[in-house]
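Participant: Okay, here's what each chain looks like letter by letter:
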Amino acid sequence: MGPPFSPHSPQAQAIAGVFSLVLAIAAVVFLVVLAGVVYSSVRYRSRGITTTEPKQIFGSRKLEVLWTVVPLLMVTGLFIVTVRAMIFIDAPQETSRPPDLVITGHQWWWEARYPNGVVVPWDIHIPTSRRLRARIESADVIHDFWAPELARKIDAVPGRWSYIWLEADTPGSYTGTCSEFCGAQHAWMRFRVIAEPDQSFEAWLVDEAKGTVDKVPGLPERLFRDKGCSKCHTVFATEPSSGKGPSLAHLASREFLGGGISRNTPENLMLWLTDPQAAKPGNRMPNTPLTAEERGALLMYLESLR
Amino acid sequence: MTSWLCAIDHKRIGILYMLSALLFFLAGGMEAMVMRAQLAAPNLKLITPEIYNQMFTMHGTTMIFLVAMPVLTGFGVYLVPLMIGANEMALPRLGALSFWLQFFGGILLYFSFATGAAPSAGWFSYAPLSEKAFSPGVGLDYWALALLMIAAGSIGSAINLIATIATERAPGMTMRLVPLFVWMTLVTSIMIVFALPALAASLVMLLSDRMLQARFFDPSQGGAPLLWQHYFWIFGHPEVYIVVLPAFGMISEIIPVFSRKPIFGYPFVATSTVAIAFLSYGVWVHHMFAVALGRNFLAVFAAASMLIAVPTGMKIFSWIATMWGGSIRFTTAMLFAVAFLLEFTVGGLSGVAFATVPVDWQMTDTYFVVAHIHYVLLGGTVFALLAGVHYWFPKFSGRMLDEKLGRWSFWLIVLGFNTAFFVQHFLGLLGMTRRVYTYPNLPWFGALNLISTIGAAILVFGILLFCANIAMSLFFGSVAGDDPWNAWTLEWAASSPPALQNFAHPPEVRSRRPLWDRKHPETADWMRV
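Line by line, the protein sequences give chains U and W. Those letters in the first sequence? Residues 2 to 307, per our numbering, in order. Those letters in the second sequence? Residues 34 to 562, per our numbering, in order.
By construction, these hints were calculated from the structure, which means they are not laboratory data. One thing to keep in mind: the hints can contain errors.
As the list claims (entries may be wrong) - DEER-style ranges, computed between Cβ atoms:
hint: 1; chain 1: U; residue 1: R48; chain 2: W; residue 2: W444; range: 20 to 30 Å
hint: 2; chain 1: W; residue 1: A501; chain 2: U; residue 2: N269; range: 41 to 51 Å
hint: 3; chain 1: W; residue 1: K165; chain 2: U; residue 2: K228; range: 25 to 35 Å
hint: 4; chain 1: W; residue 1: R561; chain 2: U; residue 2: F89; range: 25 to 35 Å
hint: 5; chain 1: W; residue 1: P230; chain 2: U; residue 2: K228; range: 49 to 59 Å
hint: 6; chain 1: U; residue 1: G297; chain 2: W; residue 2: V237; range: 49 to 59 Å
hint: 7; chain 1: U; residue 1: A36; chain 2: W; residue 2: L448; range: 16 to 26 Å
hint: 8; chain 1: U; residue 1: R285; chain 2: W; residue 2: T148; range: 22 to 32 Å
hint: 9; chain 1: U; residue 1: R48; chain 2: W; residue 2: P539; range: 18 to 28 Å
hint: 10; chain 1: W; residue 1: F330; chain 2: U; residue 2: E256; range: 31 to 41 Å
hint: 11; chain 1: W; residue 1: S528; chain 2: U; residue 2: R46; range: 30 to 40 Å
To be verified - Stretch-level coverage of chain U by chain W, calculated; a stretch enters the list once three of its residues show a Cβ under 8 Å from a Cβ in chain W:
hint: 12; region: 22-36
hint: 13; region: 60-74
A quick note: this is a predicted structure, and the numbers were derived from the prediction, not measured. Where is the CB? At the ideal position from N, CA and C, for every residue including glycine.
Produce the complete structure using the sequences and hints provided.
Facilitator: If you want it as structure tokens, here you go:
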């Protein structure tokens with residue numbers, strides 16, 4: 002994951018700027034305190050046993066006012082900078098403009114829904130030419146959507162809609178994660194934002210909507226239905242998600258499984274079929290009794306979902 | 034034994050508070066070490082995610098409710114009557130009841146381990162994660178019930194301290210003359226009385242949701258998850274000052290004595306404490322900046338949160354000015370106090386960063402926050418407490434702590450603490466979120482976490498050395514006498530340890546430093562115009 006202060010959007014840039022200012026102020030204040038402490042420790046250290054007491058000084062109104070007023074002016078300045086940055090960064094709560102993208106947090110995966118009906122887990126595609134107004138929701142507990150290189154973080158609160166601007170100034174893959182503790186697998190609720198030039202974004206969206214499921218007729222597909230997989234998972238990118246488990250459309254072309262917990266290799270995928278709790282302890286997927294043959298067929302089926 | 038169980042003397046109850054805090058401190062420290070071990074390298078599997086979540090939940094709850102609050106209450110209950118020239122607390126039996134409520138609250142919380150399901154929703158237990166639907170185990174019920182008991186105990190001891198300071202002061206000791214530790218304990222106690230009921234109310238709502246199918250926090254039934262956050266942080270942010278202000282009070286006693294000068298600007302230090310108390314009730318939403326709550330609303334809380342830096346900074350400068358021009362004796366107590374000044378400043382400054390809303394929008398819930406709170410609560414409160422223990426141990430026990438062991442433990446604790454927590458600033462800046470049981474192998478993550486774990490181990494070693502010093506000095510320490518530091522406040526006029534009746538005669542108080550007046554009749558403080 003890229004760090005928060007290698008910004009790739011105007012708002013992330015603005016936050017990095019404010020942070021640099023705060024860091025500079027903090028460094029100056031700390032150096033002043035450090036100098037005062039070190040100087041008085043060295044200069045006024047008692048040497049040997051002295052019976053005389055130093056001059057008793059009880060205070061100085063002038064100095065006390067000084068170190069009240071100067072910090073007051075500093076925080077006033079900081080407050081002005083803060084409000085200006087907030088206005089620049091924050092997406093409006095209520096506008097007539099419908100969201101370009103709806104992002105939903107689940108225990109423990111993310112899902113993005115586009116206006117044309119395409120639903121994708123994990124990898125969220127955006128164009129680089131414009132900013133998207135993204136609505137952030139939660140399906141269960143409170144999550145927090147955080148792609149540090151691109152945008153401020155924002156809580157996904159059940160029963161509430163929150164909005165952010167999602168944008169990237171250069172094409173690339175930007176990682177993000179859930180940033181509010183949300184239960185057993187909070188650690189593995191990572192995602193990626195794939196920013197690409199306009200044409201390829203539009204092409205991706207159309208392609209996705211067409212449905213690219215490789216029909217492998219017969220046993221595997223029947224197994225997927227009869228063994229209960231399809232109760233939670235869909236394999237069609239345009240089918241509304243059940244909310245219980247992530248869509249498996251294009252599963253084979255993903256780089257990671259389980260929100261980043263493992264790479265997408267046949268062995269790791271097989272672990273989800275044999276023992277989902279070993280693959281990601283605490284996740285909501287039950288154990289499904291399958292014969293070795295059935296597991297093999299299902300694996301082949303899943304690996305065909307490109 | 035029975036005499037301790039039935040104790041109502043403020044000194045015994047004070048010691049009981051401190052010992053129970055030490056016991057839970059060791060438990061909370063072990064939980065921290067389990068976490069640091071699991072985080073020592075990426076993708077470790079020493080413990081399951083569920084156990085990890087129990088560890089950080091219990092660590093946070095323990096350190097706040099079973100360590101910081103009780104130990105500070107213990108110092109208050111022990112020292113306040115002595116410092117104001119009283120023989121007893123105003124309400125001795127309430128004192129005993131408050132302690133045992135607090136202690137058995139802690140036992141109840143730890144009993145949840147025996148059920149196999151300790152609470153695991155964090156010390157903040159955000160709804161709806163803490164609701165039955167997402168946390169079906171009984172751990173959360175233990176957590177809420179235990180905290181209700183602890184809240185009742187805390188309110189009881191706070192009322193007791195307020196009543197004592199209001200009614201038991203020695204003749205002549207007006208509120209303008211009480212020691213700053215007493216001032217800050219008073220302000221803290223008033224804050225407890227106003228803040229803890231908000232916690233109790235939210236706990237009752239949570240228990241109603243969990244046990245009676247109420248729907249306070251369930252959005253599908255018209256409840257509001259954010260209601261929990263508002264209630265919790267209306268309690269939770271004043272709570273931060275509740276566990277910091279008495280530590281400020283200790284520093285305000287220790288630095289003057291070892292600098293041989295009175296506190297610089299007593300009225301400003303006392304007033305700034307009251308200012309912090311007022312402001313602390315108007316800053317709670319800075320824990321919720323990442324929730325989309327509306328820009329103007331957030332701006333108000335940002336302003337209040339930044340403002341609180343002003344009275345806090347005033348104190349730091351007052352302490353430095355007290356050292357300035359003094360004749361400083363670097364005892365172990367003073368070393369801890371000076372380290373406190375620097376570490377607390379780091380924690381205070383990173384706090385200003387979080388008051389700056391856009392910075393919070395990136396850094397909240399990362400390791401930058403973990404570094405911040407530990408610089409405030411460990412580098413701040415705990416260092417002040419260690420200074421306080423080294424300073425008042427002779428009064429408590431009649432014996433001196435060993436200075437050589439004290440210095441060793443000081444340097445180990447400074448080294449361990451800063452190694453463990455300074456690097457966590459960088460982890461936060463690199464994007465490592467907090468409350469994760471493991472993390473991917475990203476550049477620097479493994480190395481910085483390993484450094485942090487090594488630092489934590491050094492810190493543990495220093496703390497154990499400190500405990501050993503206490504145990505040994507209790508039996509073999511040199512005899513302290515009544516006033517080993519040549520100090521100025523009334524507790525040093527009593528014997529060490531003080532008799533059951535602290536003062537045979539009510540002490541004479543004509544200034545803020547009654548013992549200075551006694552020792553320097555020709556330049557007594559009350560003679561100043």
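Participant: Hint by hint, note whether the structure agrees.
Facilitator: Okay, the hints, checked on the actual structure:
no., hint, in the structure
1, R48/U <-> W444/W: 20 to 30 Å, "22 Å, holds"
2, A501/W <-> N269/U: 41 to 51 Å, "49 Å, holds"
3, K165/W <-> K228/U: 25 to 35 Å, "30 Å, holds"
4, R561/W <-> F89/U: 25 to 35 Å, "55 Å, violated"
5, P230/W <-> K228/U: 49 to 59 Å, "53 Å, holds"
6, G297/U <-> V237/W: 49 to 59 Å, "55 Å, holds"
7, A36/U <-> L448/W: 16 to 26 Å, "22 Å, holds"
8, R285/U <-> T148/W: 22 to 32 Å, "23 Å, holds"
9, R48/U <-> P539/W: 18 to 28 Å, "40 Å, violated"
10, F330/W <-> E256/U: 31 to 41 Å, "40 Å, holds"
11, S528/W <-> R46/U: 30 to 40 Å, "32 Å, holds"
12, 22-36, "holds (count 8)"
13, 60-74, "holds (count 8)"
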